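Student: Chain residues, written in single-letter form:
There are 2 protein chains.
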Amino acid sequence: MTTIDDTINQWLRDAHAMEEQAEQMLESQSSRIENYPELAARIKRHLEETQSQLERLERCLERRGAATSAMKDLTAKASAMMQGLSSMMAGDEVMKGALASYAFEQFEIASYRILITAAETAGDIETARLCEEICREEEAMAADLADMIPELTRSYLTRENADLDEAKR
Amino acid sequence: MTTIDDTINQWLRDAHAMEEQAEQMLESQSSRIENYPELAARIKRHLEETQSQLERLERCLERRGAATSAMKDLTAKASAMMQGLSSMMAGDEVMKGALASYAFEQFEIASYRILITAAETAGDIETARLCEEICREEEAMAADLADMIPELTRSYLTRENADLDEAKR
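Going down the list, the protein sequences come from chains Z and W.
One rule links them: number in our numbering = place in the first sequence (from 1) + 60.
One rule links them: number in our numbering = place in the second sequence (from 1) + 60.
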């Protein structure tokens, strides 16, 4: 086991922790949104993708012989940043939720790009391929959120201006 | 003063708080990086841009007649998510720093895109134009970080594999 392989295992566990945090955030958002059906549907679809990503990452860690028992500790350590992101979404405000989701997707994209380069450097083509596959799913979600943001903003402001309680959810 | 104008003023203050947080993060990173000169130089350049963005946002808030005295409270409120991002960068690890910086840039980009749509909706073309200008600076920084990540990853892994203490900084 080289240092590079150790590092890749740690980064894969970080990615697993990141997806666990994503699952929580998406579930929470999905249950809260009431008046923005297009956004709610996309979040629900990405929640299912995220659950599948968790399974794929677990299989990848097993294949690499990386212990998953220490995963809980690493999860706690890795999630400082994600706690910040989540706490921003603790309110019921749909705009802040969309913003935090978009930033979180981009965080995931950069994480997988680092992992792709690392796995290629170590010659683990299967891990590189999996990370590319997951990265494309995150990129599609980020692109869809970016596309939705202008219409979401207009819709939010119209509802808010009409003094509708429902604007924020 | 309409509700939309109130909301825009609040989002502009949030953007100001976000850039204050960015300034801190970039200063801290800039002082810490020792062995990655290309990244350090780009961060230093963006630190100067960020300081200019703060001034431009202050002038915009003044022009809109938005009180800046309440800014401190709003800053504290807005920075929950950013504290998370910063805490992730509290270590001296260059890869996590680059990752958090990239996610932060994307958070900024989405914030300005929301503000552009809102300002256009309210007919404040000058604010929309300023937010477009700042957004382009953030997009350039995000694109440069994305371009640097593969080489940064390889360089980091090579140093780490050679067991160099300097890898992380």
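No lab work stands behind these hints: they were computed from the structure.
There may be inaccurate statements among the hints.
Heads up, the list lumps identical chains together, so a pair's fine if it works in one copy or across two of them.
When the alpha-carbon atoms are kept at most 25 angstroms apart in a straight line, the in silico SDA-like pairs for lysine to any residue are as follows [stated by the list, open to error]:
| id | residue 1 | residue 2 |
| --- | --- | --- |
| 1 | Lys104 | Ile185 |
| 2 | Lys228 | Gln111 |
| 3 | Lys228 | Arg123 |
| 4 | Lys228 | Ser215 |
| 5 | Lys104 | Asn221 |
| 6 | Lys104 | Glu186 |
| 7 | Lys104 | Ala126 |
| 8 | Lys104 | Asp66 |
| 9 | Lys228 | Thr63 |
| 10 | Lys104 | Ala222 |
| 11 | Lys228 | Arg196 |
| 12 | Lys104 | Ala182 |
| 13 | Lys228 | Ile64 |
| 14 | Lys104 | Thr67 |
| 15 | Lys104 | Glu180 |
| 16 | Lys156 | Glu83 |
| 17 | Lys156 | Gln84 |
| 18 | Lys228 | Asp207 |
| 19 | Lys228 | Ala101 |
| 20 | Lys156 | Cys195 |
| 21 | Lys156 | Gly183 |
| 22 | Lys104 | Thr63 |
| 23 | Lys156 | Glu80 |
| 24 | Lys156 | Ala203 |
| 25 | Lys156 | Glu199 |
| 26 | Lys156 | Glu197 |
| 27 | Lys228 | Glu197 |
| 28 | Lys228 | Arg116 |
Quantities reported herein were computed from a predicted structural model and do not represent experimental measurements.
Student: Checking against the hints above, which ones are violated?
Tutor: 1, 2, 3, 5, 6, 7, 8, 10, 11, 12, 14, 15, 22, 27 and 28
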